[in-house]
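Starting from the structure of chain A, add chain B where the hints point.
From first to last, the protein sequence lines stand for chains A and B.
Position 132, counted from 1, in the first sequence is what full-length UniProt numbering calls 132; the numbers after and before it change by one each time, with no gaps.
Position 163, counted from 1, in the second sequence is what full-length UniProt numbering calls 163; the numbers after and before it change by one each time, with no gaps.
Everything hinted at is true.
Same chains, same label: a pair holds when it works inside one copy or across any pair of copies.
In the DSS-like style, the derived pairs of lysine-lysine whose C-alpha atoms are separated by at most 27 angstroms in a straight line are: (1) Lys123 to Lys24; (2) Lys468 to Lys123; (3) Lys287 to Lys351; (4) Lys548 to Lys500; (5) Lys123 to Lys12; (6) Lys12 to Lys440; (7) Lys405 to Lys171; (8) Lys347 to Lys262; (9) Lys431 to Lys12; (10) Lys348 to Lys254; (11) Lys315 to Lys429; (12) Lys348 to Lys315; (13) Lys123 to Lys429; (14) Lys315 to Lys290; (15) Lys347 to Lys295.
For the record, the hints were derived by calculation from the structure and aren't laboratory data.
2 protein chains.
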Amino acid sequence: MRASRFFISTLKEAPSDAEIVSHKLMMRAGMIKRLGSGIYTYMPIGLRVIRKVEAIVREEMNRANAIELLMPLVQPAELWQETGRWDKMGPELMRVKDRHGREYAIQPTSEEVVTDVVRTEIKSYRQLPLNFYHIQTKFRDERRPRFGLMRGREFTMKDAYSFDRDVEGLKRSYQIMFDAYVKIFNRFGLQFRAVAADNGAIGGSGSHEFHVIADTGEDALVYCPDSDYAANMEAAEAIAPAAPRAAATQALTKASTPGTSKCEDVAALLKLSLTQTVKSIVLTVEKEEKGVVNKEVWLLLLRGDHELNEVKIAKIPGLADYRFASEAEIVEWFGTTPGYLGPVNTKKPVKLIVDRTVAVMSDFVCGANEVDFHFTGVNWVRDLPEATVLDIRNVVEGDPSPDGKGMLAIQRGIEVGHVFQLGTAYSEKMKATYLDENGKPQLIQMGCYGIGVTRIVGAAIEQNFDDKGIIWPAALAPFEVVLCPMGYDRSESVKAETEKLYEALQAAGVDVILDDRGERPGAMFADWELIGAPHRIVIGDRGLKEGKLEYQGRRDTEATAVALDEMLAFVKAKLAA
Amino acid sequence: MRASRFFISTLKEAPSDAEIVSHKLMMRAGMIKRLGSGIYTYMPIGLRVIRKVEAIVREEMNRANAIELLMPLVQPAELWQETGRWDKMGPELMRVKDRHGREYAIQPTSEEVVTDVVRTEIKSYRQLPLNFYHIQTKFRDERRPRFGLMRGREFTMKDAYSFDRDVEGLKRSYQIMFDAYVKIFNRFGLQFRAVAADNGAIGGSGSHEFHVIADTGEDALVYCPDSDYAANMEAAEAIAPAAPRAAATQALTKASTPGTSKCEDVAALLKLSLTQTVKSIVLTVEKEEKGVVNKEVWLLLLRGDHELNEVKIAKIPGLADYRFASEAEIVEWFGTTPGYLGPVNTKKPVKLIVDRTVAVMSDFVCGANEVDFHFTGVNWVRDLPEATVLDIRNVVEGDPSPDGKGMLAIQRGIEVGHVFQLGTAYSEKMKATYLDENGKPQLIQMGCYGIGVTRIVGAAIEQNFDDKGIIWPAALAPFEVVLCPMGYDRSESVKAETEKLYEALQAAGVDVILDDRGERPGAMFADWELIGAPHRIVIGDRGLKEGKLEYQGRRDTEATAVALDEMLAFVKAKLAA
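The shape of chain A in the complex, shown without the other chains (with noise of 0.2 angstroms):
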């Protein structure tokens, strides 16, 4: 490619609504065009990034034996409906009518169509397994779309989605996606971790998400130094401390704490560690029962340095429905405000969660059900019943490791991929099923593997930056070398020993380009740095002179100067490194 046939459009400031890092290179690199609020239009530039991230996904993909399709972006309200996820998905699902007042969906993803594809198509146990996948432009109406690429409402997702006669048969079909995507990540150049999932509210069973680490990830991944434990926060186990309860050595008192409504404070005031602290969250239940809402109130202990999680809560017997308590509710249920409530003499019956860590605790502090005032040497049994201990809390750095083999460390991460076992979730909802052996209909076994091609693209930038810009993996970069002629248009020598050498990698089989635009060599190396060439080689009279060329990586310090005639299979090394 030569630049001047090409667009290159440079910024030297970021717009002032790029907040994170990869979205402020990729304005100022000219990959992406803000088009309206998470609606991007990929310039040539950025195109050429997402076409190589499409093409590794698409090779690996086939290679895998999955099946390429491409379904429409505009599906039938009908199908959602089927599932009922036209009502459970809110506002994120774009819904839109058509000029005969038909609805339809937008598609934020497509297990409904491709479950209605291979309902209708799939008739025996002869046609499985069997594994469809497109690469198509997503819609998701995001609440607050930010971020660029890496949370943008019109993205770009390849989905695949597998069908199997049994349960070994889609675990079969998850593991071959499993290793395709780790070598899918492999070939990005990425640092990457495949963490267990919890499997939220798509249902069935096991899931595993894809990061690539960066510090700016949104997401905390959980695993272990020692072993091949990795698992995202949610999912991560905080087992039960191995220490038993030590036995009580305070008497209960009632310690005056004014105005101390935290346990960190209440630690400082009393002067003890907060591992000696106990906070109390309170969680509502609702249910209606012949009309009449009764409402449930239950109380969750967790160690004053823990935080509550979420997900592991959610899956408790009971409060798959829970909000948090209103003010008004906890002075109904315990007499006092926040910051004051505690397990011992509540003023009403509540259900107890104890986490793991606070059942082996002793001489512990917790409100004491009045204003001002917390409990110290609280103690199991003697002060207040043993109640039911459950995992409900995030684990931290140092916990030991769920598979007894060291402990957990805890690292950042941009989810990029996610694969799902289904299960017959869907096949159920949608009747898809097949005739086994003996002509009897059975329920399909789904998987569903998705990549976010796009949000890749933020994610590498993430991974892989300076001060100066972008700095690609290979494979992914716009353009693996730059050719940076000084005065190409001046010096004969310079424009022959370039095109001599534009032509040797383009035979080769390098996506080069070739930078003739004129400009000054000082604005040319910003732009190329800004934008990311891993390689870069600089053709000048000076060099030429000795017969030498300038290289030097994106990630290099100093220039190496390459003789001539190795230059070519300098370069082809460094690719092939």
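The following block gives chain B in isolation, referenced to the frame of chain A:
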């Protein structure tokens, strides 16, 4: 590709809603699957064809220095309001509201967005010319979607937009795109014709349509076999007859023509040629002035055997907003019912427009403005004053070519491409300017260039099929070559030779599918004739004994025996042909 790892699903019968050949065959070959009215899933075999179309389009667009980007599907209403098309486009424009009530269009085309990109990106004349294109999903909420991919609602289009400093630049860019289109359609291997077209609602000056020739085409293409004149019916000029008007030989006579309101019947009754009759067409134009609606009545005269060209009459000054008159209006103005009216002695004054052919007629027949009566022997000047003479009819076969080089012929076509000179129609409304050499802002000259990617798939089939199925040109075939082994799983030698040939063909870059599904020969052959693989190779024990394989081209009536070791070269020669 191995058929066992691909998805092939053919049907014996097309569904009843498939009216035309391409729709029927695409459904039967399992290329598309209906999701809703005018909305189709592109099944794996259909998607392969679409991708081949896209790849050829992309290559030639890039070669012509057009630069690919990707504009969003969901486009803010504000941009469409700037050009007035938000109101003008009516229900065909699919509109959608987001969760905040903001309005968007699902793009049917992208003039607005690309002009918005360019008006912010282009500052200087140095950045021009420029040509941006994308290959993107479009949505048009057609009133009556039908014919499968031929008139769908969701479809894929390549749309390119050129930007130039002046009209000369626009003409150059237009010619470059025209030439690229010729290359593209030649590469498709389709018979096509580029015809001059009317510019229609899009505005600007100068446009051509590209049509795939097919007897089933909706459009009539006019061309001169002896020259390069070609236009669509709307734009084809019917030139004035060379022969002057003959002198009157008959007296004006009122003839009784009871119950005879059509020219054909009048001619038969009076034993005259249809070419001696003149038909009268009444149009109404309503003009509002100071709150009062005034009606203008226009009378158009055509020779009895000719047809009105509505595009031509809409261009007559004063007729832009015409409609056909109602029967009541005709009675009011002519004192008679339709079928008996004429230009002689009208009850009220009318604006008269005379087709060029009618202007040179003498002794002709027309309605007498009295029920059941016609005039015969009507002559200009003597019986009625001469009036405005214009070309208002469709040309017919045998009309002289406007370039004076022969006679016109007509064939049917399917419009699959369109190139337009938009001029400043959009840049003016959206204030898209550049600074010229003197630092003065100038409006950008625009062109737009569309190719209906999915429509081409349908059109290719309309042009190439027989009673067995589709006959793909090699460039568009889902697979170029199919290997049909007889007893792949039973015969060691069949399997071995099939695999050897499969590998050799793949290594030679041939797009080959090996049918290893284990179907019976009859079913297997029927599938591939339906799907339309251009080249078929049968590998069987009987042939192998003599060292031979069977080759059959899709249009061949018989198979050819080819020596085993010559087959690769044989097929490569066929593909190169």
